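If you want the building blocks of each chain, they are given just below.
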Amino acid sequence: MTEEADIYELLEAVKDPEIPVLSVVDLGIVRKVDWISPKKLKITITPTYSGCPAMDTIEREISEILQSKGFEVEVVTSISEAWTTDWISEKGRKNLEEYGIAPPAEATTDKSFITGNSKNVHCPRCKSEETSLISQFGSTACKALYKCDSCHETFDYFKCI
Amino acid sequence: MTKDEALFEFLLRTGDNGLVLAQRLGEWCGHAHQLESDIALTNVALDNIGQARMALTEAGKVEGKGRSEDDLAFHRTEMEFRNNLLLEQENGDFAQTITRQFLFDVFQFELLSGLKSSSNEFLQSFAIKSLKEVTYHRSLSSDWMVRLGDGTELSHDKMQNALNLLWQYTGELFEKTEADDILIADGVIPDLEKLKESWDDIVGQVIKEATLEIPDTKGFMATGSRRGEHTEFLGYILAEMQYLPRTMPEAKW
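These protein sequence lines map, in sequence, to chains A and B.
Using the numbering used here, the letters of the first sequence map in sequence onto residues 1 to 161.
Using the numbering used here, the letters of the second sequence map in sequence onto residues 1001 to 1253.
Bound conformation, chain A alone (with noise of 0.2 Å):
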């Protein structure tokens, strides 16, 4: 039988589709994997944000992803835990910085995010720590607009819920 952490480095595959270098398991949206026979398996996901538009398509790929490797699947989605950024991996935490969107700078449980006045928030291009909100919602539900008062370049922040 196919062990759980063999069924999490397959689906490393599917990526969200917003932001092509996190996998659904960096990202930390898998929450469960359940077999129901040894062919069956039924994967539990949870959305970022209520209304976020990808979950259709991560689900189809966590269908197809499972069925080419000759798995019966059926997914379902659950709200419960809630999502928080918490639960993003440290190796999606690096691939975020690399591809230009700044991490959740707290965890959050430190209230400081809410306010805007997050001191941690630094610069993914030039690190600085020179950096000011622009807006709380940005190009994504999941993300805030930044921009650095070194390099003035606009960067997206990957804010805390």
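Read the hints as simulated data drawn from the structure, not as lab findings.
Computed from a prediction, not measured in an experiment: that's the story for all the values here.
Backbone N, C-alpha and C fix where the C-beta goes; we use that ideal spot for every residue, glycine too.
Keep in mind that a hint or two might mislead.
Examples of chain A residues toward chain B, derived with CB under 7 Å [to be verified]:
#, residue
1, A5
2, S50
3, I79
4, S80
5, P103
6, S132
7, Q136
8, F137
9, A141
10, I161
Given the structure of chain A, go ahead and fit chain B onto it with the hints provided.
For chain B alone, kept in the frame of chain A given last:
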């Protein structure tokens, strides 16, 4: 009225609030005064659509007649919608849109905070999830209230006019029906009277900081949505939103 019927009412109200507000905010797409606001308003719309889908799907399950989220969204008439009157009001200018948003965001934030300890499992998860999003919405609309209220003479006047127009629709956010009494007694939803106290408090603070004044409606508050009686605007929203699925019921993407 059974407990399930009461729950169905509440889920419809919650789902319809999200759906109608999202439809209104979507009208701003490509029209806001700056790109950041355009993106922010449509992001808020998207969160509301997501929340509406969850609430309406659950409503369909609780009702037990096999109605899906789409059946409920596209195949009900105005009289069957339970969204608050505030949310169907026209966008007007940006001042009016932001004021509507602010009055609702504070309400939604307080409601969801209360629902986090609901005795109903779905409402509890729904609240924990949605509250994360609404926290950002509330922060956006409160910022704009202060920035524009305490801005130029012109922006101040526009904000005060918006408050004067919309204040009459805030009373019915807290109206209690038989359904509410049942749900409050069972610990399914928080007490709407207590909710109003915290709403008054927070809304009052922001309005004061924005150098605006709470309008005197001389005791008048509009009412009706709990009974399906809406302002003229909802019909137009539904006509646009429901046209395709009603004309071509089998249409698929």
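Quick rundown of the hints versus the structure:
no., hint, verdict
1, A5, "28 Å, violated"
2, S50, "3 Å, holds"
3, I79, "5 Å, holds"
4, S80, "4 Å, holds"
5, P103, "18 Å, violated"
6, S132, "13 Å, violated"
7, Q136, "6 Å, holds"
8, F137, "4 Å, holds"
9, A141, "6 Å, holds"
10, I161, "4 Å, holds"
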